[in-house]
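Novice: Please work from the sequences and hints to get the whole structure.
2 protein chains.
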Amino acid sequence: MNSALSGYTYDDPALAASGVTRGDLAALHASVLWSDADAAALRRAADILVPQTEAILDVWYGFVGANPHLVATFAGADGAPDAAYLADVRGRFGQWIADLCTRDHDARWLAYQDEIAVRHHTTKKNRTDGVDSTSAYVPLRHLIALIVPITVTIRDFLTNGESDPAAVDTMYHAWMKAVTLSVALWARPYSPTTW
Amino acid sequence: MNSALSGYTYDDPALAASGVTRGDLAALHASVLWSDADAAALRRAADILVPQTEAILDVWYGFVGANPHLVATFAGADGAPDAAYLADVRGRFGQWIADLCTRDHDARWLAYQDEIAVRHHTTKKNRTDGVDSTSAYVPLRHLIALIVPITVTIRDFLTNGESDPAAVDTMYHAWMKAVTLSVALWARPYSPTTW
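In the order they appear, the protein sequences are chains A and B.
Residues 73 to 267, numbered by our numbering, are exactly what the first sequence covers, in order.
Residues 73 to 267, numbered by our numbering, are exactly what the second sequence covers, in order.
Read the hints as simulated data drawn from the structure, not as lab findings.
Accuracy of the hints is not assured; some may be wrong.
The calculated label-pair distances, taken between Cβ atoms and stated as ranges, are [said to hold, decoys possible]:
hint : chain 1 : residue 1 : chain 2 : residue 2 : range
1    : B       : 134       : A       : 194       : 18 to 28 Å
2    : A       : 137       : B       : 109       : 17 to 27 Å
3    : B       : 225       : A       : 179       : 25 to 35 Å
4    : B       : 151       : A       : 93        : 31 to 41 Å
For glycine and all other residues, C-beta sits at the position ideal for the given N, C-alpha and C.
Specialist: Written out as structure tokens, the structure reads:
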């Protein structure tokens with residue numbers, strides 16, 4: 073956790089409680105086949121991934137930068153990528169790797185998923201970083217589609233720190249479940265009445 | 073393809089064209105890291121998976137049946153599972169396995185993804201099968217979350233027909249990409265203005 077990280081408010085007591093209930097979360101856990109073994113596998117994964125955070129972000133940002141429809145999310149008022157906006161989001165994206173692997177799925181976690189959700193949606197995009205952007209929201213279709221690259225790129229990084237293929241596979245699938253669960257939660261403001 | 077399959081209209085010339093453009097699809101393909109190699113891998117996967125369709129559906133329906141929040145989708149007017157509705161959807165779900173592996177991502181494919189989308193959403197749920205259901209839509213969060221079980225359960229079936237782990241892995245990831253891409257397309261009616 074890095075309390076000095078720009079716009080990072082996970083542990084801010086002022087964060088609004090989530091409207092997602094414990095029952096909603098239990099059902100989502102069931103839908104993604106979540107178990108305590110996944111939580112444990114992600115904690116092991118954190119030991120491997122967190123020291124590689126900058127290298128992981130280099131891969132992800134390289135991918136975003138190579139795709140105009142993705143880098144458009146980080147446009148300033150002139151439509152060109154805003155370097156300060158990219159840098160601020162990068163810091164929080166790195167912290168997200170650690171949080172995804174180590175945070176309990178409790179009320180605070182749910183509250184921060186809501187915050188991440190509205191920061192992707194028209195509700196609040198660009199406000200955290202004070203950006204005047206041509207991008208008013210991250211399209212829902214790409215939020216969902218990015219489950220794939222955010223998942224598949226992590227396997228090589230797990231392999232860097234774990235030689236047993238079965239152990240890598242366990243951590244890899246725990247990561248896949250956690251990413252998909254996160255995107256399901258982040259979709260809420262996009263479809264409040266049919267979420 | 074089974075033209076006698078109840079409610080299956082993939083090849084119906086009357087199917088409305090999709091509003092998803094070729095440019096939209098190209099961007100989604102890029103977001104899920106899609107390549108020609110994935111299309112080829114899925115065609116190989118079809119040879120393995122299609123003969124196992126009923127066994128795959130047994131696993132998926134077993135999972136749905138074990139989860140009240142999922143089986144609720146198939147409720148009749150009294151809130152209890154409707155056997156005819158379950159059976160009709162099962163037939164199309166089996167055909168979907170073949171279609172996901174073998175159909176080109178062309179205008180017809182996009183049009184039928186739109187049709188599948190509205191059949192999950194309030195727009196058209198229950199109409200195809202003439203069901204009076206207590207379920208008015210499949211919640212978007214579970215549509216997204218189910219990417220995980222629909223993906224991870226397929227690996228054992230691939231292994232049944234392919235002994236080379238690398239070849240299984242290639243087909244497995246092509247499947248993951250295709251499933252995620254499909255869900256991204258199916259999310260459109262849930263969030264038409266921010267899709």
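Novice: Next step is simple, just say for each hint if it's right about the structure.
Specialist: Hint-by-hint comparison with the structure:
1. B/134 - A/194: 18 to 28 Å: 40 Å, violated
2. A/137 - B/109: 17 to 27 Å: The hint (17 to 27 Å, Cβ to Cβ) holds, given that residue 137 of chain A and residue 109 of chain B are roughly 23 Å apart.
3. B/225 - A/179: 25 to 35 Å: 31 Å, holds
4. B/151 - A/93: 31 to 41 Å: 20 Å, violated
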